[in-house]
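Colleague: Sequence:
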Amino acid sequence: MQIGKNLLLVVLCLYSFLSSAQNLGSVRGTLKDPSGEVLPSLTVRLEHTSLGAASDDAGNFAILSVAPGAYTLVVTGIGYQPLRRAVSVAAGQETVVSLTVEAASVDMREVTVTGRSVVTETNRQAYNVTAVDARQLYNTTLDLAGALDRVAGVRVRESGGVGSSFNLSLNGFSGNQVRYFIDGIPMDGFGSSFQINNIPINVAERVEVYKGVVPIWLGSDALGGAINIVTGDRQRNYVDASYSFGSFNTHRTVVNAAVTAKSGLTAQISAFQNYSDNNYQVRVDAADIYTGAYTTNAQVRRFNDTYHNETLIANVGVVGKRYADKLLLGVTVGKNYKEIQTGARMVAVFGGVHTRGSILMPTLKYKKENLIKGLDVTLNANFNLGEEQAIDTTNARFDWYGNSRRIGAGPGGEQRRRLYTYQNNNGLATGMVNYRIGEHQALALSNAFNTFDRQGTDRFDATTNARPQKTQKNVLGLGYTYTIKDRWSASVFGKLIDQGVTTAGRRTTTRRSGYGVAGTYFFTPDLQVKASYERANRMPEARDLFGDVVTREGNAALKPEQSHNLNLGGSYSFPLSANDRLLINANAAYRYASDFIFDRFNQNQGLVIPDNREGVQTFAGDAEVRYSHKNRFSLGGTLTYQYLQNRQKYDPENPQAISPVYLDQMPNIPYLFGNADASLRLPDLGAPGNHLTIGYNLLYVYRFWLYWPSRGGRDAESRKGDIPTQLSHDVNLVYSLRSGRYNLGVEGRNLADALLYDNFSLQKPGRAFYVNFRCFFNQINNR
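The letter at position 452 of the sequence shown is residue 452 when you use the numbering used here, and the numbering goes up by one with no holes.
No lab work stands behind these hints, which were simulated from the structure alone.
Certain hints may be false.
Unchecked claim - Simulated crosslink set (DSS-like; lysine-lysine; CA at most 30 Å straight-line):
hint: 1; residue 1: K262; residue 2: K373
hint: 2; residue 1: K367; residue 2: K321
hint: 3; residue 1: K470; residue 2: K335
hint: 4; residue 1: K368; residue 2: K321
hint: 5; residue 1: K365; residue 2: K321
hint: 6; residue 1: K559; residue 2: K367
hint: 7; residue 1: K32; residue 2: K630
hint: 8; residue 1: K373; residue 2: K326
hint: 9; residue 1: K365; residue 2: K262
Claimed, not checked - Now the in silico label distances, taken between C-beta atoms and shown as ranges:
hint: 10; residue 1: A261; residue 2: L443; range: 35 to 41 Å
hint: 11; residue 1: Y482; residue 2: A86; range: 44 to 50 Å
hint: 12; residue 1: L755; residue 2: L329; range: 44 to 50 Å
hint: 13; residue 1: E553; residue 2: Y515; range: 29 to 35 Å
hint: 14; residue 1: R711; residue 2: I584; range: 39 to 45 Å
hint: 15; residue 1: P655; residue 2: Q603; range: 42 to 48 Å
hint: 16; residue 1: G36; residue 2: I584; range: 18 to 24 Å
hint: 17; residue 1: L360; residue 2: P655; range: 46 to 52 Å
hint: 18; residue 1: L692; residue 2: F460; range: 53 to 59 Å
hint: 19; residue 1: Y700; residue 2: Q603; range: 33 to 39 Å
hint: 20; residue 1: G402; residue 2: D580; range: 32 to 38 Å
Everything numeric in this text was worked out from a predicted model, so none of it was measured.
Positions of the beta carbon are idealized from the N, C-alpha and C atoms, including for glycine.
All chains, please: the whole structure from these sequences, using the hints.
Modeller: Okay, here's the thing in structure tokens:
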């Protein structure tokens, strides 16, 4: 029923938009230079109207909702000769053009600067950053986590299928050591209903991955990296809707829409839902709960793993005003339901444990460039009023065959009997001011304050209700940047972090300071080198200190982490011929972290618990190579190596003895992995403006240790490689009609049905197939 309601929403949304536009036409096309190379970031407009567009990274543009008639199409851009072309638009019809734009003839003493996409400009920063153009993935069923898993240096590890717990590793750092942001706003308090592995890729315009050093405008105490999801300021009228379904009864729906009046009044919505039974087959050692018969490597089906979430993000306000480039009041509402099939390892199986969560978060967003000359101001605030529930009331034990047996004496519950309803009461306020001192210099000041106060009641455990669990944290940053555009840039910054923690009737306060520097130099416009260093600090998060209530214990004795992060990198993009281009990126990183927070099993291996390691040393490197032929074919691959070594010399339980795992490689962390991909685009297939894209993706993870290598057990050789080498093959076909207005995609994942493992050997889904349908309509509003 829920799926039907969401599908009906998409249909009604599309119908209303189509009904209002059925008497209008459109103009679509592609811009290229005389050699056939596509031209991004050029302006295309209909003369004497307010209608226009900018060409995307593939050189495509679209001007929709055009009244019938004759027009002059004008193309302009820095470094190119203006182009004028007469076009005719008919009611309900689409005019498709292919235009060749000539480079401008200039005096050789002048410098010609061509436009670059925002993604390209982001990658040219002094920081070790990789930006992903999310728009290229809109016709897939990927969520944000799936897109990030294809970035060099990144490994997203999930505990199962749709909606499962995840742990993102970035050059050796993982968990809360890596921070997440949406439009520069920390996502620390967004709750379980709004996480990167349940947010569809269509919500983002691009995703920025900062490896190691994190700029101060992302107000955070990240230890080793950050993920910034940029939704973009889409000041236009548009509807972007998609629906997909596939294996394991998986359904996804996404609707993004906005309307902006000439007065500057704007309204925006983004709504999405995910549903899956997650009833895929796994291989596990299983025992019959009645007979005790034990089967090794039994093939069974997950039966308590249903997940669904629904989220709506709405904003209203004004844009383009004298007092504000953007002033938005909004709210994010949503809910989720998640069944828990296993504990930290698959030997523990549950049949009734589940969680529920909700998000109700009012938001404020304000941005103004040149509030006074050279001064840019950004302010954000939100407070999450949502609540979470952890439910374990089934008085039974289950086996992997779905059989259950009632529990006799005892309190009941499969893990621990509970019906715990709680609120985390997360609040956040951030501010950023940037002052440009002339053409080359800038000063920046940022501050981020957040608060956490978990309060709840457990019907079966009164002691839980009385435990105070509070944190308050403030991150203050100050930075200076000197830039000579397209030649070199250098930044220096400092951070001051304060945290107060209240637990067990006691309050403690901690203060840490850090600093960093980042620089880049361009030997040529296409050859860049960069380096950065940061002494980073991270305070333990509420999830570390107090647990997540279900599969993770808290550890209130955790110490703050500190790390020395050094990054070196280079990028070179050059033409092989008039139609062929090669891109090479390479990065190296060194980390030494003190009081490194690392997850380990608890005593019965049913839960994980964070703990400090005295020191962890990391050497990491990643590389990307990409070849492209015009806009027709691309081939690329990434490879990442990261070696994390335990530097805690003495055993915590016996301080006089050298630890048997001293200098061991850290367990349960992949150290060699990569991706390869290829895509072929067949333009104008069937009709002008219709395109077929065929894509392939390979995931590779070399075997890694589940336990400490020096503690392999009695059969050490068989235990050291507990998580085997993994290969996964994915393919996708997307047929786009009318230059992307209608899109039909088919995906096949893990085609070889390989056994794939991530966190603590928890098995992921096998072979799966999905179908995705997407419609996109827009009208540029140039006020």
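Colleague: All hints are to be evaluated individually against the structure, with a verdict given for each.
Modeller: A quick look at each hint next to the structure:
no.	hint	in the structure
1	K262 with K373	holds (26 Å)
2	K367 with K321	holds (10 Å)
3	K470 with K335	holds (24 Å)
4	K368 with K321	holds (9 Å)
5	K365 with K321	holds (14 Å)
6	K559 with K367	violated (36 Å)
7	K32 with K630	holds (10 Å)
8	K373 with K326	holds (18 Å)
9	K365 with K262	holds (21 Å)
10	A261 with L443: 35 to 41 Å	holds (36 Å)
11	Y482 with A86: 44 to 50 Å	holds (48 Å)
12	L755 with L329: 44 to 50 Å	holds (49 Å)
13	E553 with Y515: 29 to 35 Å	holds (34 Å)
14	R711 with I584: 39 to 45 Å	holds (40 Å)
15	P655 with Q603: 42 to 48 Å	violated (21 Å)
16	G36 with I584: 18 to 24 Å	holds (23 Å)
17	L360 with P655: 46 to 52 Å	holds (49 Å)
18	L692 with F460: 53 to 59 Å	holds (58 Å)
19	Y700 with Q603: 33 to 39 Å	holds (35 Å)
20	G402 with D580: 32 to 38 Å	violated (56 Å)
Comparing the model with each numbered hint stated earlier shows that hints 6, 15, 20 do not hold.
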